[in-house]
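**Q** So the chains spell out like this:
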Amino acid sequence: MTPGFTKPKIPAPSHSPDIGNGGAASLPKMLTTRRLVLRPFALSDLGAYIAYYTGPRTAGVGGPKPRHVVAERFHAMAGQWALRGFGRYAIALNDVAIGHVGVLKIDDPDQHEMTWSLWDAVNEGKGYAFEAAHVVLRAWSGPNLVAQIDRDNLASIRLAERLGFVEDAGAPKPALMPNARTFRGPEALR
Amino acid sequence: MTKAPTIIGKRIRLRAHVMKDMDAFWDFYQSPRASHMDVPKNRAHLWYGFAAEVGSWALSGMGGWAIETDGALVGQVAITQPPHFPETEIGWILFDGFEGLGLANEAARLALEYTWTEIHPKSLVSYIDCKNTRSIALAKRLGAVEDPTAARYDDADVVYRHPRPQ
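These protein sequence lines are chains A and B, in that order.
FYI, in the working numbering the residues of the first sequence are 118 to 307.
FYI, in the working numbering the residues of the second sequence are 3 to 168.
Among these hints, one or two may not hold up.
Listed below are the simulated SDA-like cross-link pairs for lysine to any residue, each with C-alpha atoms no more than 20 Å apart in a straight line [what the hints assert, rightly or not]:
(1) B/Lys22 - A/Arg268
(2) A/Lys182 - B/Asp149
(3) B/Lys22 - A/Leu221
(4) B/Lys12 - B/Lys124
(5) B/Lys43 - A/Ser234
(6) B/Lys12 - B/Asp149
(7) B/Lys124 - B/Asp149
Keep in mind that the hints were calculated from the coordinates and are not lab data.
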């Protein structure tokens, strides 16, 4: 636990029935922390997400990408909840989405991937990503998580380590992120 | 509406997609039947497109339905407007072995009725590859009329405009 970090209050799980994943994994629809609300995406969040994913901040995660590809990824984040019963949340600060956090699972054979991102540099350095990711890890019920982080993204690597992720140097490089380092999630939080 | 509503027809049922539907799409895109379509490069790309048509319901109140008959998944009908589409589109896919039975026709009619009563788009078109004669024939049977002046994102497409019911 980081000094000065207030242990988040975790609401009693109100997990929706799992759809198509055998009940093996789930997250509540919303989570709250001291300063943030993690909630489903709304269409009004799309503009900020497009600004982020068509811009230079996404160089380490396969971006930037054209507008229609970004819009598809945004809609897919919402769709994963309906398909799998867990997914990624909008990180809302004072009702405005400033990033996303949560568990991505693409194809059935793929790993459960923990992801976090702040869409604009102005929100970095305030502990928001840690606060959001931490509450998700505490609420997560499912297989061990993996985080794939570009080797140059030092802030994100530091965050993974603060969250208790440990590097798996022998892991195969993901095809879409050849410069990624792989970190395995902290079972201790669960 | 966080999920596609179930709509019961005479021979078919439109229902929300489930994860295992994706395998049928993958097989379809590997087959010659998909030669007129934008084929995803790999399963991750397919997943993003598939999940987006599901997530569109929660975000925009429209998206993709699975077409089912006798419990079998036979295709998809979808109402979508990604940013590169100038207008809202109704699109359909019928998997191998289910064409020629009128199933896409029935699915599209159910989807059209829902679209005009519940979604209320400003306009509705189908973007169809100009060589996809069977899909063009269905658009015509549904009452759509070619609009040569309509904007399109792919020059190989023809645009069929669906009339708003009176």
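**Q** Run every hint past the structure and note whether it holds.
**A** Hints, one by one, checked against the model:
Using a Cα cut-off of 20 Å, the hinted pair B/Lys22 and A/Arg268 is violated, with the two alpha carbons roughly 34 Å apart. Among the hinted pairs, A/Lys182 with B/Asp149 is inconsistent with the structure: their alpha-carbon atoms are about 31 Å apart, more than 20 Å. Among the hinted pairs, B/Lys22 with A/Leu221 is consistent with the structure: their alpha-carbon atoms are about 17 Å apart, no more than 20 Å. For the hint pairing B/Lys12 with B/Lys124, the CA-to-CA distance comes to about 29 Å; that exceeds 20 Å, so the pair is violated.
Among the hinted pairs, B/Lys43 with A/Ser234 is inconsistent with the structure: their alpha-carbon atoms are about 26 Å apart, more than 20 Å. Simply put, B/Lys12 and B/Asp149 have alpha-carbon atoms about 31 Å apart, too far for the 20 Å limit, and the pair is violated. Between B/Lys124 and B/Asp149 the CA atoms are separated by roughly 16 Å; this keeps the pair inside 20 Å, and the hint holds.
Comparing the model with each earlier hint shows violations of hints 1, 2, 4, 5 and 6; every other hint is respected.
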